[in-house]
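Enquirer: Here is how the chains run, residue by residue.
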Amino acid sequence: MASDTVIHVEHLAKRYLIQHQSAGVKKGTGKMLSERVQASAKGLLGGFFGRNKDIETGKSTTEEFWALKDVSFDVKRGEVLGIVGRNGAGKSTLLKLLSRITDPTRGEIRIKGRVASLLEVGTGFHPELTGRENVFLNGAILGMSREQIRSKFDEIVAFAEIEKFLDTPVKYYSSGMYVRLAFAVAAHLEPDILIVDEVLAVGDMAFQKKCLASMEATTKQGRTVLLVSHNMPTVLSLCTRAVLLSGGVVAAEGAPASVLETYQSAYRAGSLSSDSSKDCRLLRTWIGEDPATSQSGVPMSTAFEIQFEYEVQNARGRNFVPYIQVDTDGGQCVFHVNSEDVSDAGDGRWRASCTVPAWLLNAGGHHVTIVVVGFSSNSYDICLHEPTALSFTVMEDTPHPGRYAYAGHVPGAIWPRLDWKVSKLD
Amino acid sequence: MENEIIIRAGRSESGYWRDIWRYRELFGFLAWRDIIVRYKQTVAGSAWALLRPLLTTLVFTVLFGRMGKFPSDGVPYPVLVLAGMLPWQFFSNAISASTHSLVNNNSLISKVYFPRLLIPASTFGVALVDFAITLVILAGMMAWYQVMPTWRLLCLPIFTLLAVAAALGPGLLISALMVEYRDFKHIVPFLVQFGTYVSPVGFSTSAVPEQWRLLYACNPVVGVIEGFRWCIYGGLTANTQTTSSLPMEGFLISCGIVIFLLILGLWYFRRTEKTFADLI
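Chains as they are written, first to last, in the working numbering: chain A, 1 to 426; chain B, 1001 to 1280.
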């Protein structure tokens, strides 16, 4: 293990034994002793009489599932590693292994330094306890000492903006307050290595910005961060390297932009896609004019195109209409639109291009959902639905003409420049 | 040089006991949480901790002392009962609380790492608070009946430790079994209720025929309870048969079983601990 390597993962594998319902056993409910007794009694009798051997043994009721098959990678000190992949690719399992919550089946992990893992915000919060009490409890659970918590207490409370409700049981908090307090504790951890699972996808947008800024500050202090995220702009802007997991193995590793490119192209080719309808298939997606140079960042002052190509098969007289929906990072829908001049669009390959005007979207990360609907005279089918088919970040131009000396956050999903008339009276 | 953690299949043992020491503050916080949460949103609040031992003592005094005419060891019957209640209540509370502890804290187990042993162990905090309250009641009752303690009272901490050890073994074992077999949810309340009558809580071991006392001592709680009685009021009645109500051999048998259960509990807990997050 090289001296600047802080995490070393070698041939890591994790197997889960899935027990089927037929045995009356489901994960999370525990087993009743009687089932075991019955099973072993039957097994015993079966063995005794020399038949029925396989009926009640493990084979018929348990199934192996390898959540991780063979994963190896290294993380160097100060790196911010993004772990991406579709649901079920093994990301969560990997984080659980790294945070020592569960044991690997095979392989080895070596970690140098103090680790804090945030697989959930507000782990261990007790609804009956007050905000103040929960800060101490949660801090201790995340590995802070009483002294550390005490010295950061005021900062945590200020960050969460809950001064007034400090002595109210958290069960009376709004969900926003709850999340803010929980994240505030987490943001004040000072580990050498921070492991984070999608916790940024919570709270309102202003608070998310604050969390992102705090994460960025963390990484600037030379801490090592492992981040699992579905949020492509976050991975692009925060991470120095990325690992793509697919089916329990590392499918790609390297610079975030190239890993995300692999992810998206594999996605389009269908190799990572799980549920593409047979009638319509997405071929490729890009932002800007040229598919070869898809942009991930667009300036506010410029109009840009969201483009995609798809193939329609088996149209059976239906008219296929493309839709796009743009959401912010915070999950707020900005618009949901469709083309209006499509008629008689049946079998074949199609390219759709939608121009987003300049000075419309506010700054920040955005996701594009692509939908193609097949209309017949009296009904319709959603033939393609790809959430987060594309992601891009809108960047504010400096200087923005509406800013003057104000540098803070501008609220709203859109930030259009509208016609104003301001005239002096008398 | 920073320490390096090695996580390897079937071998994340090293440094477990050091981790327990490192997480000692969390242990305190978990115990503290259970203690505060316990009487939140109750009208009578901590008065419950006073009422329960008092009412049980009253019932047992009437049942065994007045109606059953059991021998009273030469002390007022309520003192005998409460001296037995003190460790028994601790034992039963600790075991009942630790049974559910892992399952109730499943969100912690599936999201954060720390030595899992802290979870059942921290439930002992609540039981110790109740123990302290009962101890105060006992002191009041002894003053009322004018029963003087002797130097033997100084041994109380040792017997308290014995009571903790006696509860820890089964507590760890059952809490770990509960993760996989939820049957214990039904078994434990039954065992505790059964134990209240089988163990010498409402009566003294001197009520058990002498030839059966060694066998009786195989219930580890017998040694703990008689130990408490010995150090709380035994000295006063040295001229009677009290001190020999449980012979030394009997006490050692109880201690041996306490230690055996403790080792068994620790062994089973450590062995299954790594699978808690997958099973719970």
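Keep in mind that the hints were calculated from the coordinates and are not lab data. One thing to keep in mind: the hints can contain errors.
Quick list of in silico lysine-lysine cross-link-like pairs, DSSO-like style, CA-CA up to 30 Å [what the hints assert, rightly or not]:
#: 1; chain 1: A; residue 1: 171; chain 2: A; residue 2: 152
#: 2; chain 1: B; residue 1: 1274; chain 2: A; residue 2: 76
#: 3; chain 1: A; residue 1: 171; chain 2: A; residue 2: 76
#: 4; chain 1: A; residue 1: 171; chain 2: B; residue 2: 1185
#: 5; chain 1: A; residue 1: 152; chain 2: A; residue 2: 210
#: 6; chain 1: B; residue 1: 1185; chain 2: B; residue 2: 1274
#: 7; chain 1: A; residue 1: 76; chain 2: A; residue 2: 210
#: 8; chain 1: B; residue 1: 1185; chain 2: B; residue 2: 1040
#: 9; chain 1: A; residue 1: 210; chain 2: A; residue 2: 164
#: 10; chain 1: A; residue 1: 164; chain 2: A; residue 2: 76
#: 11; chain 1: A; residue 1: 152; chain 2: A; residue 2: 164
#: 12; chain 1: A; residue 1: 152; chain 2: B; residue 2: 1185
#: 13; chain 1: A; residue 1: 152; chain 2: A; residue 2: 69
#: 14; chain 1: B; residue 1: 1274; chain 2: A; residue 2: 69
#: 15; chain 1: A; residue 1: 171; chain 2: B; residue 2: 1069
#: 16; chain 1: A; residue 1: 164; chain 2: B; residue 2: 1040
#: 17; chain 1: A; residue 1: 171; chain 2: A; residue 2: 220
Enquirer: Would you mind marking each hint as holding or not holding in the structure?
Expert: Going through the hints against the structure:
1. Proximity of residue 171(A) to residue 152(A) is assessed by CA-CA distance (about 23 Å); at most 30 Å being required, the pair is judged to hold.
2. Distance check on the hinted pair: residue 1274(B) and residue 76(A) sit about 28 Å apart at the alpha-carbon level, within 30 Å; holds.
3. For the hint linking residue 171(A) to residue 76(A), the alpha-carbon distance of about 41 Å lies beyond 30 Å, and the restraint is violated.
4. For the suggested pair residue 171(A) and residue 1185(B), the alpha carbons sit about 27 Å apart, so the restraint of at most 30 Å is met.
5. A hinted pair counts as satisfied when its Cα atoms are at most 30 Å apart, and residue 152(A) with residue 210(A) qualifies at roughly 17 Å.
6. With a C-alpha separation of about 22 Å, the suggested pairing of residue 1185(B) with residue 1274(B) holds against the 30 Å cut-off.
7. About 26 Å separates the Cα atoms of residue 76(A) and residue 210(A), which keeps this hinted pair within 30 Å; it holds.
8. Proposed proximity of residue 1185(B) and residue 1040(B) is supported: the alpha carbons are some 24 Å apart, at most 30 Å.
9. Pair hint residue 210(A) plus residue 164(A) holds up; C-alpha atoms about 20 Å apart against a cutoff of 30 Å.
10. Distance hint between residue 164(A) and residue 76(A) is unfulfilled; the C-alpha atoms sit about 42 Å from each other, more than 30 Å.
11. A distance of roughly 18 Å separates the Cα atoms of residue 152(A) and residue 164(A); the hinted pair therefore holds under the 30 Å criterion.
12. Between residue 152(A) and residue 1185(B) the alpha-carbon distance is near 41 Å, which puts this suggested pair outside the 30 Å criterion.
13. With a C-alpha separation of about 41 Å, the suggested pair residue 152(A) and residue 69(A) falls outside the 30 Å cut-off, and the hint is violated.
14. Distance hint between residue 1274(B) and residue 69(A) is fulfilled; the C-alpha atoms sit about 19 Å from each other, no more than 30 Å.
15. For the hint linking residue 171(A) to residue 1069(B), the alpha-carbon distance of about 52 Å lies beyond 30 Å, and the restraint is violated.
16. With a CA separation close to 21 Å, the supplied pair residue 164(A) and residue 1040(B) stays within the 30 Å bound.
17. Note on residue 171(A) and residue 220(A): the hinted pairing is violated, with a Cα-Cα distance of about 35 Å set against a maximum of 30 Å.
The structure fails hints 3, 10, 12, 13, 15, 17 (numbered hints given earlier, in ascending order).
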